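*Asks:* In case you want the letters, here they are:
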Amino acid sequence: MLSRSNALRLHVESALTGRVASPFRFQQPQPVTASMGIPALDQLAGGLPRGCLTEIFGTPSSGIASLLQSALVARTANAEVCALVDSQDSFDPACAEAAGVSLRQLLWVRCRNLDQALRSVDLLLHGGGFSLVALDVSGAPAKLVRQIPLNFWFRLRRTVENTSTILLVLSRESHAKTCASLVLRMERAAARWSLRDCRYPSREFHTPASLLDGWTTTAEMIRSSSQRRNLFFIDRAKNTDSANSSSEIAHFDLHSNHFPPAASAQNERT
Amino acid sequence: MSFTALFAAVYVPHFILQAIGRSEPELRTHPLAIVDGPSPTFQVIALNRIAELLGVARGMTKAAASQFAQVTIRPRCIIHEAAAHAALLDVAWSITPRVEDTAPDTLLLDISGLASLFGDEEKIALEIVERASALGMNVHVAISANLETARIVARALPGPTIVPDGEERHFLETLPVAMLSPSLELAEIFDRWGVATCKALTSLPVLSLSECVGQEGVRLHAIASGKGMRPLLLAEPVQHFEEWLELDDAVDDLESLSFLLGRLLDQLSARLSARAVSIAAIHVHFELQPAFDHAFDTSRDLLRVKPAPGTFSCMLEMPVPTRDAKLLLKLLHLRLQSRPPGAPIQKIQITAQSSLARVTQSSLFVPTAPDPDKLELTIARIAAVVGDSNVGSPQLLDSHQPDAFQVRKFSVASAGISDSRSIAQSVSTINSQSSAVTAIALHAFRPPVPARVQLQGNKPTLVFFQGRSGTVLHASGPWRTSGQWWEEKPWQEDAWDLEILFSGEAQPPRGFYRFSYDGMLEKWFVRGVYD
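Protein sequence lines, in the order shown, are assigned to chains A and B.
Per this note's numbering, residue 1 is the first one in the first sequence, and the count goes up by one each step.
Per this note's numbering, residue 271 is the first one in the second sequence, and the count goes up by one each step.
Just chain A, with the same shape it has in the complex:
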C-alpha cells in the first residue's frame, strides 16, 4: 500500500515538474509586509508583517520611538488609520507632526498605567480595522512589564492573525519571545554633534553652541518567522563572525528634524 502511494506521488511529481514546485509540500504563506519607512530596516526584515506581532526593544536613546514614528509616517502617508496605545503618555505630537505623521489618522490612547494600556490594546484589536496598532510599554516600569504573562502576547498574536493589522510592541526588553514573528533589537552608536559657525551672528543660531544632528542606530534582527531565524542569543557564541550574523544587522541614521542635514541620509547595511 505504502509503495503504491509512493509510486503515485512520484508519478504526480514527475508530471508536474516544471509547472508546480513541490506539489505535496505544505508551504507557509509569506505574510504581507508594509514599509517601516527606513529602507535599511525594510531590506533587513522585509518590512513590518501584517497579521503578526512585531517586537522592537532597546535602551533609552536607542531609537525605538523614532522607528515607531517612522512607521507611523509611512502608514499615514498611505492613508491608513493607525492607533497608538501609550502606556505612560509619552508620545510627542509636535515631534511626530514635524516628522510627517498625519495626526488626523492617528488614534492616540493616553494611559496612566500598564493595566489601562493592556486593556486598551485588547479592545482596539478586537474592534479591528486599523492598519497599525502600536503598544508602547517602553516607559512602563520594567518589573511590571516582565509580569505580563506570555499567554497575553499569544492572545494578541492570535487576535491579529488573518487580519491586515500590524501589531507593533515597543519595550526596553524582549517580552513577547516566540509570540513575535519579528523581533528587532536597537542599539545606539556614536552621536553627531555639529558646531555651526556663522560669520555674522544670527537669531537662528546660538553660536558657539553645538547642535545635536542625530546618531547612528544599529538594528539587529533577533527573530524573523518569515526568514526562519531563531533567537540570536542561542547561536551568538558560534555565529559572531559568521556571514549569517552580519546579514541580521542594519545601520541607519537618525536626524534631528529641526535642522535637516545638507546631505541626504545614508543608510548602510553591513
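These are computed hints drawn from the structure, not numbers from a lab.
Don't take each hint at face value.
[What the hints assert, rightly or not] Far from chain A, some chain B residues (derived; all Cβ distances over 10 Å): (1) Lys332; (2) Thr342; (3) Glu400; (4) Arg439; (5) Trp463; (6) Gly484; (7) His510; (8) His713; (9) Pro720; (10) Gly753.
[To be verified] Examples of chain A residues toward chain B, derived with CB under 7 Å: (11) Ile64; (12) Arg104; (13) Trp108; (14) Arg110; (15) Asn113; (16) Ser120; (17) Leu123; (18) Trp193; (19) Ser256.
Here the structure is a predicted model, which is why all the values come from computation and not from measurement.
Here a beta-carbon is modelled for each residue, glycine too, at the ideal position from N, C-alpha and C.
Go by the hints and put chain B onto chain A.
*Replies:* Same frame as chain A, but now just chain B:
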C-alpha cells in the same frame, strides 16, 4: 385616462390600551384597566377583554376595580398616547406624504397613484397593517374612493377592508347612524324618529330632511349614501422623534434600565426607518426619584443628606447617522456606566435627532478603515477605561509653548480616509519615502520630571534626576521661548539638548535628554528623552 382618487383610513381600536401596550408589551396578555378622572374619583375608561371577562366594567371606580386582584390598573398616560400617535403618523408618512391627522386614533391617507409602488389596494392595506405592527400597534385599514366612507368603515370593520367603487352605500347601510358622528341634538332627533342605521337615514327624502334638521342632516345623508366628499386637510410632516416611558417603580440598576432603554431605542429606530432617516444624535433625559430628607439630630452635627437632583440628561452624538438600536444601546450603556444618574429613575425620555442615512461606496484603491459604528463603540469602551479626554487624535494648538496640544474626537470621516485625491497625493509621498530622512522622536515625560542642574559658565555640567546623576558630555542651548506675557500666566522656557553620561551602574550609561529651565518657576525640568 381618468384619475381616480383613492383614500385609506387607518384606525387604532382601543387606542388608550394600545398606547400603554406599546410601552409595556407584557401587559397585552394581562387583564388591564385604565383609569382617569379628577382625583380621587378615578373611573375605568378603558379595559381589555381579559379584564372584562373577570368582571371589570367601564365606569367602575378605581376602588371597585382594585377588588379584582389579577387586574392591573394603570392611570391614563397622555405621554404614551402622544408617542403612539406620533408613531402612527410615521407609519402614514412612510406610505404617502398626503396624510390628514383626523383624530388621535384615526388617520386618512391619500393613496392615489401608489399602485406602482406597493401594488393593488389589498397590498397597500396589508403594507400599512404590517408597518403599524412593527411599531407595536394593531390597526384597522379601509380603502375607498370616498374619504368619509373609508373613515367610517375603518372604525366599524376589523382588518383590512376594500370598498369597491360604487359599493360605498352597500358597506355603510348596516352600520349604526352613530358611526356618522352626528351632534347630540341630531342624535336625539334620529333616536326619536327611529333612524338607527345608515340605511334608514338614506331612505329619508333629502329635501324633507333639510327642512327638518338643516344642512347637517343633508351632510350626514350624503355620507351615509357614500357620496359625502370633503378635501383632505394635510398635516405637515414633523421630524420630531421622541419616546417616553413612565415607570410605576423607579429603576436604580443599570441592567434593568438598559432593558427599558433598549425597548425605547428599538421603537425609535423603527420609526426612523419608516421615514427613511437615521439617528444623528440622541438626547436622553431621566426624571429621578426625589430623595427623602433624613431626620437628623440637632444635638449632634450629622451630615445632612442633600436631596438628589431631579433630572439627569446626557447626549450621544454619532459620527455617522445610524439606525442600529443595539449599537446605540451599547454606547448609552457605557456612557451611563461611567456617569451614572445618581438616583433611581422614574421617567425616561429619549429624543432622536434625525439625519439622512449615510451613503458609502467602497473603492478598490482606498485602504480599509475601521467601520464607523464599530469604531465608535471601541472608542467608547476605551474611554470607559482611560477617560473621555484621553482617547482621540492629537491636534497641535497655535502656540509655541511646549506640549501645546489637545485631543479631539477621532472619526474616520475627519481623518479624510475616503478622499481618493488625498490617496493619490499620499502615493507620491510614498515614492519619496526611500530618500527621506528618519527623524528623531522625543519620548516625553508627562508631567516633566524635576531636575537639579549644576551650571558652569551658564552651561549645564552635572544633572540629577529620577535618582540618577550624570555628567553632561554635550549641551546644545539655551533656546529661549516665551509667550502669553500679556496674560495672567505668562511662560518662559530655556530648552537644552544634553548628552548625559550617567554615573554608577546606571543602564544605559548614556542618553540624550531635553532639559528645560522654567523662567517663571526658576526650576529645571526634564521634558523627555530622545529615543
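*Asks:* Beyond 10 Å from every chain A Cβ: check whether that's true for B:Gly753.
*Replies:* The assertion about B:Gly753 holds, with a minimum of 15 Å to chain A.
*Asks:* Quick one, is the A:Ile64 hint okay against chain B at 7 Å, beta carbons?
*Replies:* Interface hint status for A:Ile64: holds (6 Å vs cutoff 7 Å).
*Asks:* Under 7 Å is the threshold here; is the Cβ of A:Trp193 close enough to any Cβ of chain B for the hint to stand?
*Replies:* This hint holds: A:Trp193 lies near chain B, its Cβ roughly 5 Å from the closest one there, short of 7 Å.
*Asks:* For the hint on A:Trp108, just tell me whether its beta-carbon gets within less than 7 Å of chain B.
*Replies:* A:Trp108 check passes; min Cβ-Cβ to chain B is 5 Å, inside 7 Å.
*Asks:* Checking a non-interface call: every C-beta of chain A should be farther than 10 Å from the C-beta of B:Gly484. Is that right?
*Replies:* 73 Å, holds
*Asks:* Does the interface hint hold: is A:Arg110 within less than 7 Å of chain B, judged Cβ to Cβ?
*Replies:* Holds: closest Cβ of chain B sits about 4 Å from A:Arg110, inside 7 Å.
*Asks:* Is the interface hint satisfied for A:Ser256? The criterion is a beta-carbon contact with chain B at less than 7 Å.
*Replies:* 6 Å, holds
*Asks:* Against chain A, does B:Glu400 hold up as non-interface, every C-beta pair farther apart than 10 Å?
*Replies:* 36 Å, holds
*Asks:* Test the statement that B:Lys332 is away from the interface with chain A: the closest C-beta pair must be farther apart than 10 Å.
*Replies:* 52 Å, holds
*Asks:* Run the C-beta distances from B:Thr342 to all of chain A and say if the shortest one exceeds 10 Å.
*Replies:* 43 Å, holds
*Asks:* Against chain A, does B:His510 keep a CB gap of more than 10 Å to every residue?
*Replies:* Nearest chain A Cβ is 34 Å from B:His510, so the label holds.
*Asks:* Does the nearest C-beta of chain B fall within a distance shorter than 7 Å of the C-beta of A:Ser120?
*Replies:* 5 Å, holds
When each numbered hint is compared with the structure, violations occur for hints 8 and 15.
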